Amino acid sequence: MDSEAERGAPPAERIIPAVLAASALEGGLGDVRAHAVSAPRRAWQLLVMEARLLHPGVWAASFLVMAVCAGFAAIRVAVPEVVLGLSVPLVAGTGVAGLYGPERDRAFEVVAVTPTSPRVVLLARVTLVFGYDLALALLVSGVLAVAGGSPGGVTRLVTAWLGPMALLAAVALLLSVCWRPGGAIGVALAAWCVPALAEMTDVPVPEGYRVLWQSGPWTIALAVALAGTAVALAGRVEPLRRAAATH
Amino acid sequence: MKRTDADACVLARVADGDTAALAELYERYAEPLFAFLFRLAGDRGTAEEILQDTMLAVWRSAGTFQRRSSASTWLFGVARRQAHNRLRLAAPPAAAELYEQADALPGPEELAVGGDWLDAVLAGLPPTQREVAVLHFVVDLAHQDIAEVLRIPVGTVKSRLHLARTKLRESLNGQ
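Chains as they are written, first to last, in this note's numbering: chain X, 1 to 247; chain E, 1001 to 1175.
Calculated directly from the structure, the hints in this document are not laboratory data.
Treat the hints with care, as some may be off.
To be verified - Partial selection, computed: residues in chain E whose CB lies under 7 Å from chain X:
| hint | residue |
| --- | --- |
| 1 | L1022 |
| 2 | E1027 |
| 3 | A1030 |
Claimed, not checked - Listed below are several chain E residues computed to face chain X (Cβ distance under 7 Å; list not exhaustive):
| hint | residue |
| --- | --- |
| 4 | G1045 |
| 5 | E1048 |
| 6 | Q1052 |
| 7 | M1055 |
| 8 | L1056 |
| 9 | W1059 |
| 10 | F1065 |
| 11 | F1137 |
| 12 | D1140 |
Remember, it's a predicted structure, so these values are computed and weren't measured experimentally.
All C-beta atoms in this analysis are idealised placements derived from N, C-alpha and C, irrespective of residue type, glycine included.
Please put together the full structure from these sequences, using the hints given.
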């Protein structure tokens, strides 16, 4: 007669789901320290996962716009500083504006129930999209400078777009969190068109506003402050659209 | 890749929250762990519960595995701790029930009559000798590994094994 032990251990199909269910019922993963990974590794894993969730069109659109602008600047259709100064902030602003909220997020419900806070998720996405646009813009600026397309060199090219890019992206992000992505993109376009048009036409624009959209330290500081506010508010404040929808 | 390295890699994946790795680890160690726990607990149901407790503890604490010992030694250490927790907390039967129903667990004699001589003899050993004997005769662990699992000196493992062997021999002679 076979002993009970010789009938073997229970199958994994029965034990493993029971273990995972017990773990979930008793409080997630139990001792958090046991599952803790180093902060850099966790950040990297989060960035990789969020990169998979972002719509491929975000990457493709930025790349196409930057490629077209680089082409225009390379064949001297327009001055490289003007082309990049106009396009790079808009690419970054529109890209960042669509990162928050259920309207454009295919995985919004799934992300909402993960232990990772919405602020960390938003920060990861902003890092990805803004970093991608920044890298593209630096690459294009470098190529144009090396190719002799810009008499002022790479520094002058970068200062033409860096400050406006950071500020416009921060404004768009804050509006996206507090209001709605579509509105954020519209406001970003309008806010950026005013100084851009003023550069090309004689439309009177207050000097302070014009200075605000340059690559100065105050512009960068304001951009960092606005972006930090947006990340801090993500998941904490009810967007204006939802408050209105309840009445 | 050596077995111990492979097991450590699987444990690292479990620590990262990989459920497939937990299932893989279970497939590798379910049989020897269950054999060990069955001999400690004495019945299949309790052994299954302790095995589930063990896998839950592994799922939650895989990140604490420091590779100071082999993965198998660590796993049996976790299983032994869970078994002691479960068996220590098991409430004794109520006094009234003692007279109303017979013990559902087979005693050593019953097991011997049933033909499972080793199980019967192991069940008759004191707990300290039983866990050493099971880890040695059933799970086939080395003295050093048994010492690490039970957190006792190797000399103590040998002396307990000697006592267990003596009783096994006496039992064999009495057959």
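Status of the hints after comparison with the structure:
Among the interface hints, the one on L1022 (chain E) holds; its C-beta lies about 6 Å from the nearest C-beta in chain X, closer than the 7 Å criterion. Taking 7 Å as the C-beta contact cut-off toward chain X, the hint placing E1027 (chain E) at the interface holds, the least distance being around 6 Å. For the restraint placing A1030 (chain E) at the interface with chain X, the shortest Cβ-Cβ distance is roughly 4 Å, inside the 7 Å limit, so the hint holds. Interface hint status for G1045 (chain E): violated, as the beta-carbon distance to the closest one in chain X is roughly 9 Å, over 7 Å.
Residue-level restraint check for E1048 (chain E) holds (minimum Cβ-Cβ distance to chain X is 5 Å; threshold 7 Å). Proximity of Q1052 (chain E) to chain X holds as hinted, the smallest CB-CB distance being about 6 Å (cut-off 7 Å). Restraint check, M1055 (chain E) versus chain X: the minimum CB separation of about 5 Å is within 7 Å; hint holds. For the restraint placing L1056 (chain E) at the interface with chain X, the shortest Cβ-Cβ distance is roughly 5 Å, inside the 7 Å limit, so the hint holds.
Given the 7 Å rule on beta carbons, the hint for W1059 (chain E) holds: about 6 Å separates it from the nearest Cβ of chain X. The beta carbon of F1065 (chain E) is not positioned within 7 Å of any beta carbon in chain X (closest approach about 9 Å), and the interface hint is therefore violated. Among the interface hints, the one on F1137 (chain E) is violated; its C-beta lies about 13 Å from the nearest C-beta in chain X, farther than the 7 Å criterion. The closest approach between the C-beta of D1140 (chain E) and any C-beta of chain X is roughly 14 Å, which is over the 7 Å cut-off, so the hint fails.
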